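Construct the entire structure; sequences and hints are all you get.
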Amino acid sequence: MDELQPGWLEPVAGGGPLYRLDGVAPRVHPSAFIAPNAAVIGDVEIGPESGVWFGCVVRGDTNKIRIGARSNIQDGTIVHVDDASSTTIGDDVTIGHGAIIHGCTLRDRAFVGMGSTVLDLAVIEEEGMLGACGLLTPGKVIGRRELWTGSPAKLKRVMDEAERRGFDRNAVVYRGLAARYRAGFGR
1 MDELQPGWLE PVAGGGPLYR LDGVAPRVHP SAFIAPNAAV IGDVEIGPES GVWFGCVVRG
61 DTNKIRIGAR SNIQDGTIVH VDDASSTTIG DDVTIGHGAI IHGCTLRDRA FVGMGSTVLD
121 LAVIEEEGML GACGLLTPGK VIGRRELWTG SPAKLKRVMD EAERRGFDRN AVVYRGLAAR
181 YRAGFGR
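Quick note: the sequence shown uses this note's numbering, first residue 1, plus one each step.
Hints may be right or wrong, so weigh each one.
Computed list of lysine-lysine pairs in BS3-like fashion (alpha-carbon distance at most 27 Å, straight line) [what the hints assert, rightly or not]:
id: 1; residue 1: Lys156; residue 2: Lys64
id: 2; residue 1: Lys154; residue 2: Lys140
id: 3; residue 1: Lys140; residue 2: Lys156
Across the chosen pairs, the derived CB separations fall in these ranges [as the list claims (entries may be wrong)]:
id: 4; residue 1: Phe54; residue 2: Pro138; range: 22 to 30 Å
id: 5; residue 1: Ala179; residue 2: Gly150; range: 31 to 39 Å
id: 6; residue 1: Arg180; residue 2: Lys154; range: 20 to 28 Å
id: 7; residue 1: Leu155; residue 2: Ala84; range: 23 to 31 Å
id: 8; residue 1: Asp168; residue 2: Pro30; range: 21 to 29 Å
id: 9; residue 1: Gly184; residue 2: Lys154; range: 18 to 26 Å
id: 10; residue 1: Glu126; residue 2: Glu45; range: 33 to 41 Å
id: 11; residue 1: Val173; residue 2: His29; range: 14 to 22 Å
id: 12; residue 1: Val172; residue 2: Gly23; range: 32 to 40 Å
id: 13; residue 1: Gly184; residue 2: Ala132; range: 27 to 35 Å
id: 14; residue 1: Glu126; residue 2: Gly176; range: 31 to 39 Å
id: 15; residue 1: Phe185; residue 2: Lys154; range: 39 to 47 Å
These are calculated hints, taken from the structure and not from any lab test. Bear in mind that the values here come from a model prediction, so they are computed numbers and not experimental data. For each residue, glycine too, the CB sits at the ideal point set by N, CA and C.
This is how it looks when you write it as structure tokens:
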């Protein structure tokens with residue numbers, strides 16, 4: 001079979017782990033880092049200085065995924081959509097290792113802890129945080145500077161500015177790591 005059938009994955013020429021689906025290819029800013037064993041598929045846009053780390057799957061097949069500038073999607077994370085809900089990840093967002101992000105919105109400087117799940121139509125507002133292993137159920141909203149934990153997640157407390165600022169270090173560290181790895185892989 002020399003010809004790809006409609007709907008089949010097609011590697012993007014020179015794109016490493018980027019795959020076109022139904023003629024739609026991911027759009028990745030040249031300063032972003034995509035790990036060689038990640039898979040970025042279909043209608044996905046990744047902004048400047050962002051990182052999609054080892055073992056991640058970012059699958060924009062039934063809707064679109066938008067990832068802003070300087071955000072980090074850490075190792076083993078799955079980002080997906082639903083036909084009724086796209087996924088939007090703002091600027092300077094940190095998503096910890098092994099998270100599942102599905103058909104939701106993470107606004108600027110949101111933080112998702114390791115092993116957490118954010119489900120359809122849920123929103124984490126600017127500077128909101130879902131603690132490690134949390135489950136944010138469909139349609140729930142974490143407000144600005146709110147820390148939610150548990151499964152299902154519930155409000156634990158509102159963080160003060162100093163406490164919240166401490167979590168911003170992750171985004172800065174991962175931005176530096178993305179630049180190092182991009183240079184190391186010759187991209």
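That 32 to 40 Å hint for Val172 and Gly23 (C-beta), does it hold up?
holds, 37 Å
Look at the Cβ atoms of Glu126 and Gly176 and judge whether their distance stays inside 31 to 39 Å.
violated, 23 Å
Given the hint of 27 to 35 Å, check if Gly184 and Ala132 actually sit that far apart at their C-beta atoms.
Distance hint for Gly184, Ala132 holds at roughly 29 Å.
For the pair we were handed, Lys156 and Lys64, check the Cα-Cα distance against 27 Å.
violated, 32 Å
For Val173 and His29, compare the CB-CB distance with the range 14 to 22 Å and indicate the outcome.
Holds, since Val173 and His29 (Cβ atoms, about 19 Å apart) stay within the stated range.
Between Glu126 and Glu45, does the C-beta distance stay in 33 to 41 Å?
Since the Cβ atoms of Glu126 and Glu45 sit about 20 Å apart, the hinted range of 33 to 41 Å is violated.
Is Lys140 within 27 Å of Lys156, Cα to Cα?
This hinted pair holds, its Cα atoms lying about 14 Å apart.
Tell me if the beta carbons of Leu155 and Ala84 are separated by a distance inside 23 to 31 Å.
holds, 27 Å
Outcome of range test on Cβ distance (Asp168, Pro30; 21 to 29 Å):
holds, 25 Å
Hint check: Lys154 vs Lys140, CA-CA at most 27 Å. Holds or violated?
holds, 10 Å
Does the hinted range 20 to 28 Å hold for Arg180 and Lys154 at CB?
violated, 38 Å
C-beta pair Phe185, Lys154: status relative to the range 39 to 47 Å that was hinted:
holds, 41 Å
Taken one by one, the earlier hints fail for this structure at numbers 1, 6, 9, 10 and 14, listed in ascending order.
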